[in-house]
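Residues in the sequence shown are numbered from 1 upward in steps of one, following the UniProt record's numbering.
Each hint should be verified, as a subset may be incorrect.
Said to hold, decoys possible - Here are the simulated DSSO-like cross-link-like pairs (lysine-lysine), alpha carbons at most 27 Å apart as the crow flies:
(1) Lys215 with Lys69
(2) Lys256 with Lys243
(3) Lys212 with Lys161
(4) Lys297 with Lys148
(5) Lys148 with Lys45
(6) Lys320 with Lys283
(7) Lys301 with Lys256
(8) Lys348 with Lys362
(9) Lys139 with Lys293
(10) Lys149 with Lys161
(11) Lys124 with Lys329
(12) Lys293 with Lys329
(13) Lys59 with Lys243
(14) Lys100 with Lys320
(15) Lys119 with Lys69
(16) Lys148 with Lys212
(17) Lys293 with Lys281
(18) Lys149 with Lys171
(19) Lys329 with Lys283
(20) Lys168 with Lys59
(21) Lys168 with Lys74
Hints were generated in silico from the structure; no laboratory data involved.
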Amino acid sequence: MSLPNEQIVTPWEVSCNEETGVDYKKIINHFGCSPIEQNLLEEIKKQTNSELHELLRRKLVFAHRDFDKIISKKFYIYTGRGPSSESMHLGHAIPFVFTKYLQETFNAPLVIQMTDDEKFLFTKKSFEEIRKFTFENIKDILAFNFSKKTFIFSNFDYSHKFEENTLKIAKSISLNEAEKVFGFNGNSNIGQVFFPAKEIAPCFSSSFKFIKDFKHCLVPAAIDQDPYFRLARDKAPILKENKPSTIYSKFMPSLKGIGKKMSASDQFSAVFLTDTSEEIKQKITKHAFSGGKQTLKEHRKEGGNTQVDIPFIYLNYLLKDDQMLFSIKNAYENGEMLSSEMKNLCVKEVQKFVLDYQISRKEVNDDVVERFMSEREF
C-alpha cells in the first residue's frame with residue numbers, strides 16, 4: 001500500500017525520503033491504527049506491575065490496534081519470521097526482544113510462524129536454501145530465551161494443521177481485495193496471492209488445538225505487516241473468532257541512513273548477529289551515517305543532529321539507562337561530544353548485545369529446537 005508523497009510501506013517494500021526517514025504519523029493516519037498514548041502506557045504498568053520496556057518508553061513501539069481491549073484478559077502472542085538469510089541482523093532481533101518482554105510480563109503463551117513458504121514464493125531462492133535458512137533462523141530466535149510456553153513452527157511442515165482456517169480465510173478474500181491490500185498484479189504468481197491467508201490463520205486460537213483458554217491474540221510486529229492483520233480483523237467474524245489485537249514497532253534503520261531500513265541483502269547496511277566484535281567496529285566506524293558537522297569548529301558550535309545520527313539511533317534501541325542516553329544526547333547536540341566518540345559508544349553497546357546473544361545462541365542445539373517445535377498444551 002503506497003502512502004502519500006512517495007512514501008511506500010508494504011510487507012515487501014519500505015521506501016521514504018532519505019533525509020527525513022519514515023513518517024510514522026502519516027502511517028498511523030493512513031493505516032488507521034492508533035498511537036500508543038500515555039494512558040495505555042500507564043495501563044500496561046498497572047497490569048504488569050513492572051516498569052515499561054525502553055522500547056515503549058522511547059516510542060519505538062508506537063502504535064496498536066485494540067491492545068487496550070485485551071490487556072486485562074488472557075491472550076496468546078503470535079509473531080513470525082520470514083527466513084530470508086542464514087543469519088539474522090539487529091533489525092530482526094529488536095521485535096523478538098520486545099516479544100520476550102511481552103511474554104514474560106503478561107505470562108502469555110507464544111506461537112512463532114516461520115514463513116518459509118513466503119520466502120520461496122516471493123524470492124528466487126531455492127527450496128533447499130529456504131529450508132537451511134529456516135532451521136538456522138529457528139535457532140537464532142530460540143537464543144532469545146523464550147519461556148517453555150512457546151511453540152515455533154515451519155509453514156512447510158505444519159501449516160496443513162490449520163488448513164481449514166486458511167481455506168475459510170482464502171475463500172473470503174476476493175482477488176480484487178487482495179490486489180488492493182497487498183498490491184498484487186498480473187505478474188504475481190498464484191502462490192503469492194494465496195499466502196496472506198496462511199499468515200492470517202494463526203491470529204485465531206482455533207488454528208492451534210493446544211491453546212485452550214487463550215481466545216484473544218496479540219500480534220507484535222513491525223508496522224509494515226499491518227495489512228495482514230487489518231485484513232485478519234476484517235475476516236474474524238467469518239471464523240466466529242475475536243479480532244486479533246496488534247502492537248507495532250518502528251524500523252531499525254540501515255547503517256547508511258534513516259531513509260532505509262536495515263536489510264539482510266546489503267552487508268554494509270546491517271549488523272548481523274554473527275558479526276565479530278571487530279566486524280561490528282568496522283561497520284559502525286566506517287559505514288554508520290553521522291549526524292555530526294563537517295568540521296570540528298562547526299560541530300563544537302552547532303552540535304550534532306541525533307535525529308539522523310545512526311550510532312545514536314542504535315543506542316536509543318539498545319541502551320537501557322534512560323539518564324545515560326539523555327546525557328549522551330545533550331552532549332552530542334551541544335557539540336561537547338564528537339561523532340567519533342558517539343560511534344565508540346555505539347560500538348561498545350552493539351558489541352555487548354551481539355556477544356551476549358552469541359553466547360546464548362551456542363546453547364541452542366537440535367534437541368532444544370525439537371522441544372520447541374513439538375506440540376504441547378500450554
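Here is how each hint holds up against the structure:
For the proposed pair Lys215 and Lys69, the alpha carbon gap of about 13 Å is at most 27 Å, so the pair holds. For the proposed pair Lys256 and Lys243, the alpha carbon gap of about 38 Å is over 27 Å, so the pair is violated. Only pairs whose Cα atoms come within 27 Å are accepted, and Lys212 paired with Lys161 is accepted, the gap being roughly 16 Å. This hinted pair does not check out: Lys297 and Lys148 have alpha carbons roughly 55 Å apart, beyond 27 Å.
For the suggested pair Lys148 and Lys45, the alpha carbons sit about 24 Å apart, so the restraint of at most 27 Å is met. Among the hinted pairs, Lys320 with Lys283 is consistent with the structure: their alpha-carbon atoms are about 22 Å apart, no more than 27 Å. With a C-alpha separation of about 25 Å, the suggested pair Lys301 and Lys256 falls inside the 27 Å cut-off, and the hint holds. Restraint check for Lys348 and Lys362: satisfied, since their Cα atoms lie roughly 21 Å apart, inside the 27 Å limit.
Taking the CA atoms of Lys139 and Lys293, the gap is near 42 Å; set against the 27 Å cutoff, the hint is violated. As the CA atoms of Lys149 and Lys161 are separated by approximately 19 Å, the hinted pair is consistent with the 27 Å bound. In summary, the hint linking Lys124 to Lys329 is not supported, as the alpha carbons are separated by about 43 Å, beyond the 27 Å threshold. Under the criterion of a C-alpha separation no larger than 27 Å, the hint pairing Lys293 with Lys329 is consistent with the structure, at around 15 Å.
Pair hint Lys59 plus Lys243 holds up; C-alpha atoms about 25 Å apart against a cutoff of 27 Å. A distance of roughly 15 Å separates the Cα atoms of Lys100 and Lys320; the hinted pair therefore holds under the 27 Å criterion. The suggested pairing of Lys119 with Lys69 is violated, with an alpha-carbon distance near 33 Å, which exceeds 27 Å. Distance check on the hinted pair: Lys148 and Lys212 sit about 16 Å apart at the alpha-carbon level, within 27 Å; holds.
Among the hinted pairs, Lys293 with Lys281 is consistent with the structure: their alpha-carbon atoms are about 21 Å apart, no more than 27 Å. Distance check on the hinted pair: Lys149 and Lys171 sit about 32 Å apart at the alpha-carbon level, beyond 27 Å; violated. Of the pairs offered as hints, the one joining Lys329 and Lys283 holds, with about 22 Å between alpha carbons and a cut-off of 27 Å not exceeded. At roughly 37 Å between alpha-carbon atoms, Lys168 and Lys59 are farther apart than 27 Å, so this suggested pair is violated.
The straight-line distance between the Cα atoms of Lys168 and Lys74 is roughly 25 Å, inside the 27 Å bound, and the hint therefore holds.
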